[in-house]
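K.L.:
Take the sequences, apply the hints, and build the full model.
Residue numbers (the numbering used here), protein chains in the order written: chain R, 1 to 421; chain Y, 1001 to 1281.
Hints in this document: simulated from the structure, not taken from any laboratory.
It is possible that some hints are incorrect.
[What the hints assert, rightly or not] No farther apart than 16 Å at their CA atoms in a straight line, the calculated lysine to aspartate or glutamate pairs in the EDC-like style are these: (1) Lys1003/Y x Glu1225/Y; (2) Lys1003/Y x Glu1212/Y; (3) Lys415/R x Asp1192/Y; (4) Lys415/R x Asp1115/Y; (5) Lys158/R x Asp134/R; (6) Lys1117/Y x Asp1192/Y; (7) Lys415/R x Glu1212/Y; (8) Lys265/R x Glu183/R; (9) Lys1149/Y x Glu363/R; (10) Lys369/R x Glu1101/Y; (11) Lys1149/Y x Asp1115/Y; (12) Lys415/R x Glu1225/Y; (13) Lys158/R x Glu127/R; (14) Lys138/R x Asp78/R; (15) Lys1114/Y x Asp418/R; (16) Lys1104/Y x Asp418/R.
None of the values given here were measured: they were computed from a predicted structure.
Residue-level listing of the chains:
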Amino acid sequence: MKWREERNKTWMFLWGVLPIFLIFGWMIGVAWSDNSLCLGCHQDESLKKQDVRGRSISLFVSEAGFKNSVHGIISCSDCHTRIQDDVHAEGGKKAADKSVNCGTCHRQAEKEYLQGLHSKMIMKGTERAANCYDCHGKHNILGSKNPKSMIYVSNIDKTCNRCHADAVFVKEHALGAAIPKEEFKESVHGKTGEITCTNCHGGHSLRSLIDPKSTIFRSNIPQTCGSCHPDITKQFTESVHGILAARGRSDSPTCTTCHGFHGIKAKIDPDSPVHERRIAMTTCPQCHAAERISKEYRITTVPVKSYYDSFHGLSYRGGDTFSANCASCHGVHEILSSADPKSMIHKDNLQKTCGNCHPGASENFAIGKIHTVPSIKGEEFGEKVVGWVRIIYILLIVAVIGGLTFFNFMDWLRKTIDRAH
Amino acid sequence: MTKKYLRMTLNERMQHLNLAVNFTLLVITGFALSYSTAFWVSPITDIPMGMTFRGFLHRLCGVATVFLGGYHLLYLAFTKRGRGIAKDMIPGLKDAVDLWETLKNNFFINRPAKDLKMPRFNFREKLEYLGLIWGTIVMTVTGLILWFKTEWLQFFPMWTWDVARAVHFYEAILATLTIIVWHFYSVIFNPDVYPMSWAWITGNLTEHEMKEEHGLELEKIKARERGELKEFPETAVIVDRKAYALRHQRIKKEGREPLSVSGFYGIVQRFNEVIKNWKGT
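P.N.:
Structure (structure tokens):
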């Protein structure tokens, strides 16, 4: 009995340990294998299957592509964990659960991705929202430093544009407007080759426009731009526009209101919305002469109107870039209320502001209303005087020219009639 | 060949041409600012620095017009013909009567139309000339205020500059329309001179034109031709049917050196004669 017990123990040990060794050995064998078992079939370029919709899907895996990828040293089954070997080998196609979980290794990326917009869209059932492999590739994933990689800095816009420049895709998924392929490429950011989609939109954690944590959420835009342009963001956030934008006023401008989004151009580019020829035509008037905004916030449109009729405005509209535009007096990013002592148009600073273009501008030069609208009902004395001058002159012109025309017409009529007789 | 009557000397024609060119350029370059988005301004706005060039040209023409005005004043003061023009340009009761009678003619109150004998400068011309002087003064003063704003605004408030700007603009409209309506009728569309009075090029009026527009002056000239021409000495230089006394004879006659364009013309003519008759030493 004792022996039997001993023998049993030995057998039990053998039966217990051996399978562990075998299993480990098999696992190591698979792990260190050259994947020849899988590639034996899958390196056949004609290997195909029909999906549920009847579309033909290639099952080809390039061995060279895989070997050169960052994952080249790991085994197929490290990622394709759910493929049950015996069932799959028997041709049990339905048993081949191809789903791959990158998050097993890339936990941080998965965590970020799950907070992002693409993953949320997938959860909502959008079939074609970007998965890991849509941006990174499948078997041929390359490192981000490799110029051939889909996520190499100068390739990212191509990667994104596979879906986002596809007009049909954009329409189907209600993404607003397609981003023309060249628009970003020709922008001042695109031309650097160092700034790309992910710099502003984020990578794995790319969020929706309406997500308050998004880098492109309205009131986060100054900070997003400020990651490269910190000085300008500082100026802007202290300006009247920046303060209101930070408070969530959706009509208060932020960086993109004036500069545009994807196609941002240098200000010296005539196509730039902030080119000096456009500042006073569209950039500022898009809000300051807009009926809805002026009504809603009781912003007066007088400055724009009166500017257009002033010497500065008339000459500017004719293309004179030496003539003052809005920004010449009000500033660019640092626009402040005239009540602010730091403002360019604060009464103590006006002489200096005017003096930028009018050397020798006296103290008296800077006194007096600039944005005047001549009217006999005007608020200011000068506006009334000019209003009266205008009325008197118009009456004079009508009377004199009307009188002369009438006199001459009668003269012509009499002479013509006299000649006819 | 019908007889011709000198209306504008070469000097006066050059003054007129100068004013016409400057005025036209001022009108174009001025309204190109006020209506800088109008289609006809595109030749200016399309070229680089067009508006800057426009401003420069406007000031240049303005200065030229002011200098022309100064020259014209000197011409009126220091030439015999100029003094005659100034004297004949003074408006009088006769002009009011002429205007009134013209109106009665034109409204067919005078039937048949009364034949008006008007002086060297008729009421139309006096009105226009005085208007031109007024306009030039207004435009010069307001234009200089606009130009030298830094200096002006050392002493005057901003609204005075705005007033100057408004006056400059509306006076420009008035002046331009006056030229188109009044002057162009007088010299182009008037059936008596149509298609154009050539006086501004040839300097002469025809007898018919003189009769229609300056009947009184025509009678005066004819009277002078009958009587006063005999006073000219036989040595007078006859040029283009006009008699010029030689210089030394005129000095003897008038007792002093005459300061006049015709006097200068006489000097040149005498010099020409000397050269022509030069036989060598």
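K.L.:
Hint numbers the structure violates, sorted upward?
P.N.:
Violated: hints 10, 11, 12, 13.
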